[in-house]
Amino acid sequence: MESLRDIRQNIKAIKSTQQIMQTMKMISNARIRKAQDAMTAARPFAKKMLEMVTDLKQEVLALPQPEMGESWASRFFINRTGNPDKIGVLVITGDKGLAGSFNAVILRALMKFLRENRNKQIFVFAVGKKGRDFLARLRMPNLQIVYESVGIFPKVSYAHAELLGEAMMKFFLKENLGNITLIYNDFKSMASQNLVQQEFLPFDHLPQAQPDQHEFEFEPGVLDIFKLLVPRLIKANMYRILLESQAANLAATTNAMDAASKNAGEIVEALGLKLNKVRQAGITNEILDIVNGAEALNN
Amino acid sequence: MVKKLRLNLITPEKQLLSNEEVDFVALPAFLGEMGVLPGHVNMLVQLGMGSLRYKNGKEESEFAVLGGFVEIVDDEVNVFAEGADLAEEIDEEAEKQKIKAAKASLSRKDADIDFELAEMELKQSIARMKVKRRRR
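These protein sequence lines are chains H and E, in that order. Reminder that position 93 of the first sequence reads as 93 in our numbering, one-by-one numbering, no gaps. Reminder that position 107 of the second sequence reads as 107 in our numbering, one-by-one numbering, no gaps.
Please keep in mind that the hints were generated in silico from the structure rather than gathered at the bench. Mixed in with the good hints, there may be bad ones.
As the list claims (entries may be wrong) - One-sided excerpt, in silico: chain E residues whose CB lies under 8 angstroms from chain H: (1) K14; (2) F24; (3) A29; (4) M43; (5) V45; (6) F69.
As the list claims (entries may be wrong) - Simulated pairs of lysine-lysine, BS3-like, Cα-Cα distance not exceeding 30 angstroms: (7) K227/H with K3/E; (8) K25/H with K129/H; (9) K274/H with K25/H; (10) K120/H with K170/H; (11) K4/E with K48/H; (12) K96/H with K123/E; (13) K57/H with K34/H; (14) K48/H with K14/E; (15) K34/H with K86/H; (16) K96/E with K48/H; (17) K14/E with K227/H; (18) K155/H with K96/E; (19) K227/H with K58/E; (20) K123/E with K96/E; (21) K14/E with K132/E; (22) K3/E with K155/H; (23) K4/E with K155/H; (24) K25/H with K86/H; (25) K174/H with K123/E; (26) K155/H with K132/E; (27) K25/H with K120/H.
Cβ coordinates follow ideal geometry from the N, Cα and C atoms, glycine included.
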């Protein structure tokens, strides 16, 4: 049987852990507001980029293609010359655990992806410490981490998205990748995050362009403008998913810590009952001793 | 009623101006400064680094913008800038420091600094400084 002292110590320890968990919960809860605001603020830019690229796409792709190879614009949209046996994947996890199944869900999807593409050469872009460390331990010969970025949460800025987008475009063109897939968590609501696995490049899933009522003049030419638009579309998209992941991570942390501190509360309660029982048993034993002793004297 | 322009200034991180009614906008277009008045032809223009000014009646405001592009449609001017700072809010001392730091890292010859990034920062800081100086 545990002694009273042991139980009291145990209760104290759990209570202080609970305190920490509650604090963590409050911190991430406070950060979520900010993260959500950033998401809302980033939306108009990303939306407009998509609209413009969609509008100009037809016009640019209709320009004459080089006889050998494929034009720059066409690489990003049709990718006829991309090598299907060389693919890229972007994985976004958190930097820390303590967020329920947030990272596990991503890593499971990643493993599945890697198994399905085991005979291809895979270039990985890793954001977040958990995913980076996981990949570094894998030691698969066909796997290569070409870009990593850790410690950016919870302070994602557009600069991070720029670096990431830049790296993705560079490897997409240089290594002649067939496609780039994204694996990340989408922020759906405070209570739930959605795993998203989606092919990002080439952009063959753009909506159909609306017939345009406006005649535009371009300065400089339409192709030059287009070459400026596409990188910005990519970066704005990267910014969006980084912010989504950030908000989702914070929400997951909040929920996990909430559940954990509730559990801790239950344990403390159970231990309190046990403590009282043990104490009561001790008192009963003492009374028995005294009564027995008294009776022995009387006899 | 006099025709007005509606000005939107949007950066990847936030929307700075939303449907602001103005009489006149001057933009640092890639090939030189460009003025926009109501009734302008529809255009899509690459934006350089420099000063974006707009006027509404007697009121005048100025931003330092850092590249991007501008869409002009039916008297709506949509500016999509990589970055934009209100001229009054530019901190000259901080920019000086940044210029110094960028120059220092550019002059170092070791391989592990990102030249393009440092050069970019240098250009951006210089653009901000220019806008700030003009204001005085």
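Against the structure, the hints:
1. Checking K14/E against chain H by beta carbon gives a least distance of about 4 angstroms; that is within 8 angstroms, so the hint holds.
2. Because the beta carbon of F24/E sits about 19 angstroms from the nearest beta carbon in chain H, more than 8 angstroms, this interface hint is broken.
3. Residue-level restraint check for A29/E holds (minimum Cβ-Cβ distance to chain H is 7 angstroms; threshold 8 angstroms).
4. With 8 angstroms as the threshold, the beta carbon of M43/E comes within range of chain H, its nearest partner Cβ sitting at about 5 angstroms, so the hint holds.
5. A least Cβ separation of about 5 angstroms between V45/E and chain H falls short of the 8 angstroms threshold, and the interface hint therefore holds.
6. A hinted interface residue such as F69/E counts as satisfied when its beta carbon comes closer than 8 angstroms to some beta carbon of chain H; here the least separation is about 6 angstroms, so the hint holds.
7. Distance hint between K227/H and K3/E is unfulfilled; the C-alpha atoms sit about 34 angstroms from each other, more than 30 angstroms.
8. A C-alpha spacing of about 21 angstroms is found between K25/H and K129/H, which places the hinted pair at or below 30 angstroms, so the restraint holds.
9. Distance hint between K274/H and K25/H is fulfilled; the C-alpha atoms sit about 29 angstroms from each other, no more than 30 angstroms.
10. Distance hint between K120/H and K170/H is fulfilled; the C-alpha atoms sit about 19 angstroms from each other, no more than 30 angstroms.
11. Annotation: proposed proximity of K4/E to K48/H holds, straight-line Cα distance about 22 angstroms (limit 30 angstroms).
12. The hinted pair formed by K96/H and K123/E fails the criterion: a straight-line CA distance of about 36 angstroms is larger than 30 angstroms.
13. Taking the CA atoms of K57/H and K34/H, the gap is near 35 angstroms; set against the 30 angstroms cutoff, the hint is violated.
14. Simply put, K48/H and K14/E have alpha-carbon atoms about 13 angstroms apart, close enough for the 30 angstroms limit, and the pair holds.
15. In summary, the hint linking K34/H to K86/H is not supported, as the alpha carbons are separated by about 38 angstroms, beyond the 30 angstroms threshold.
16. With a C-alpha separation of about 34 angstroms, the suggested pairing of K96/E with K48/H is violated against the 30 angstroms cut-off.
17. For the hint linking K14/E to K227/H, the alpha-carbon distance of about 23 angstroms falls within 30 angstroms, and the restraint holds.
18. Straight-line distance between C-alpha atoms of K155/H and K96/E comes to about 25 angstroms, which keeps the hinted pair within the 30 angstroms bound.
19. Distance restraint check for K227/H and K58/E: the Cα-Cα separation of roughly 38 angstroms exceeds the 30 angstroms cut-off, and the hinted pair is therefore not satisfied.
20. Note on K123/E and K96/E: the hinted pairing holds, with a Cα-Cα distance of about 12 angstroms set against a maximum of 30 angstroms.
21. At most 30 angstroms may separate the alpha-carbon atoms for a hinted pair to count; K14/E and K132/E meet this at roughly 22 angstroms.
22. Of the pairs offered as hints, the one joining K3/E and K155/H is violated, with about 43 angstroms between alpha carbons and a cut-off of 30 angstroms exceeded.
23. For the given pair, K4/E sits about 39 angstroms from K155/H by alpha-carbon distance, which is inconsistent with the 30 angstroms threshold.
24. Note on K25/H and K86/H: the hinted pairing is violated, with a Cα-Cα distance of about 42 angstroms set against a maximum of 30 angstroms.
25. Between K174/H and K123/E the CA atoms are separated by roughly 27 angstroms; this keeps the pair inside 30 angstroms, and the hint holds.
26. For the proposed pair K155/H and K132/E, the alpha carbon gap of about 28 angstroms is at most 30 angstroms, so the pair holds.
27. Between K25/H and K120/H, the direct Cα distance comes to roughly 42 angstroms. Violation of the 30 angstroms bound is thereby established for this hinted pair.
The structure fails hints 2, 7, 12, 13, 15, 16, 19, 22, 23, 24 and 27 (numbered hints given earlier, in ascending order).
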